[in-house]
Amino acid sequence: MPFTLWSNAWILRLSGRAIVVLMALLELNGGSQHPDGEWMDGHRKKQYGLSDDTWTSATRELEYFGLLRTKEGFWGDDDYEIRKRKRYFVIREALATAPDWTMPDAP
Numbered sequence: 296m297p298f299t300l301w302s303n304a305w306i307l308r309l310s311g312r313a314i315v316v317l318m319a320l321l322e323l324n325g326g327s328q329h330p331d332g333e334w335m336d337g338h339r340k341k342q343y344g345l346s347d348d349t350w351t352s353a354t355r356e357l358e359y360f361g362l363l364r365t366k367e368g369f370w371g372d373d374d375y376e377i378r379k380r381k382r383y384f385v386i387r388e389a390l391a392t393a394p395d396w397t398m399p400d401a402p
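By our numbering, the letter at position 94 of the sequence shown is numbered 389, and the numbering carries on one by one without gaps.
FYI, nobody ran anything at the bench for these hints, they're computed from the structure. What you are looking at is a predicted structure, and each value in this text was computed from that prediction instead of being measured. Even glycine gets a Cβ: it sits at the ideal position worked out from N, Cα and C. Worth double-checking, as some hints may not be accurate.
[Unchecked claim] The calculated BS3-like cross-link candidates involving lysine-lysine, where the alpha carbons are at most 27 Å apart (straight line), are:
| hint | residue 1 | residue 2 |
| --- | --- | --- |
| 1 | K366 | K340 |
| 2 | K381 | K341 |
| 3 | K366 | K341 |
| 4 | K381 | K366 |
| 5 | K379 | K340 |
| 6 | K379 | K366 |
| 7 | K341 | K379 |
[To be verified] Computed beta-carbon distance windows for the label pairs:
| hint | residue 1 | residue 2 | range |
| --- | --- | --- | --- |
| 8 | K366 | A393 | 22 to 30 Å |
| 9 | E367 | A304 | 26 to 34 Å |
| 10 | E388 | L307 | 17 to 25 Å |
| 11 | E358 | E322 | 12 to 20 Å |
| 12 | P399 | I306 | 16 to 24 Å |
| 13 | A393 | K341 | 28 to 36 Å |
| 14 | S302 | F369 | 35 to 43 Å |
| 15 | F369 | K340 | 18 to 26 Å |
| 16 | T392 | F369 | 30 to 38 Å |
| 17 | S310 | E376 | 26 to 34 Å |
| 18 | L323 | P402 | 22 to 30 Å |
| 19 | Q342 | K379 | 18 to 26 Å |
| 20 | L307 | T365 | 22 to 30 Å |
Please take these sequences and the hints and turn them into a complete structure.
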């Protein structure tokens, strides 16, 4: 986890579920700056113990605070059938700034 999660008070601003999903996405990206982001399959979500509801609300919160960008499209590879999926791109630069405390809590 980036040190700025603590030094810029994101640890206080984000919900626990958003922090867990952020950790999973940072691990998934592995430092990659792929412009389209990465996608996480249901098996990986289950490995983290994340329900679909938790994943959806947490990614919505991360997007709300400008820490995550999502892109929908049709993706797949040799291991996964091509179908509509969301790709996730963590905006690391946003973690380097302090959260806007005037914003209401995420929906």
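When you take the CB atoms of F369 and K340, is the distance between them in 18 to 26 Å?
20 Å, holds
Return holds or violated for the Cβ distance of T392 and F369 against the range 30 to 38 Å.
33 Å, holds
Regarding E388 and L307, is the given constraint of 17 to 25 Å on their beta-carbon distance met?
20 Å, holds
Are K366 and K341 close enough, with their CA atoms no more than 27 Å apart?
Distance ~22 Å between K366 and K341 Cα, so the pair holds.
Go ahead and decide if the range 12 to 20 Å is satisfied by the Cβ distance of E358 to E322.
19 Å, holds
Note whether the CB distance of K366 and A393 lies within 22 to 30 Å or breaks it.
26 Å, holds
When you take the CB atoms of S302 and F369, is the distance between them in 35 to 43 Å?
Holds, since S302 and F369 (Cβ atoms, about 39 Å apart) stay within the stated range.
Sort out whether K366 lies within 27 Å of K379, counting only the CA atoms.
10 Å, holds
Would you check the hint for K381 and K366, treating anything up to 27 Å between C-alpha atoms as holding?
Between K381 and K366 the Cα gap is close to 6 Å, so the pair holds against 27 Å.
For a C-alpha distance cap of 27 Å, please report whether K366 and K340 respect it.
18 Å, holds
At the C-beta level, are E367 and A304 separated by a distance inside 26 to 34 Å?
31 Å, holds
Regarding P399 and I306, is the given constraint of 16 to 24 Å on their beta-carbon distance met?
19 Å, holds
Hint compliance for this structure: no hint is broken.
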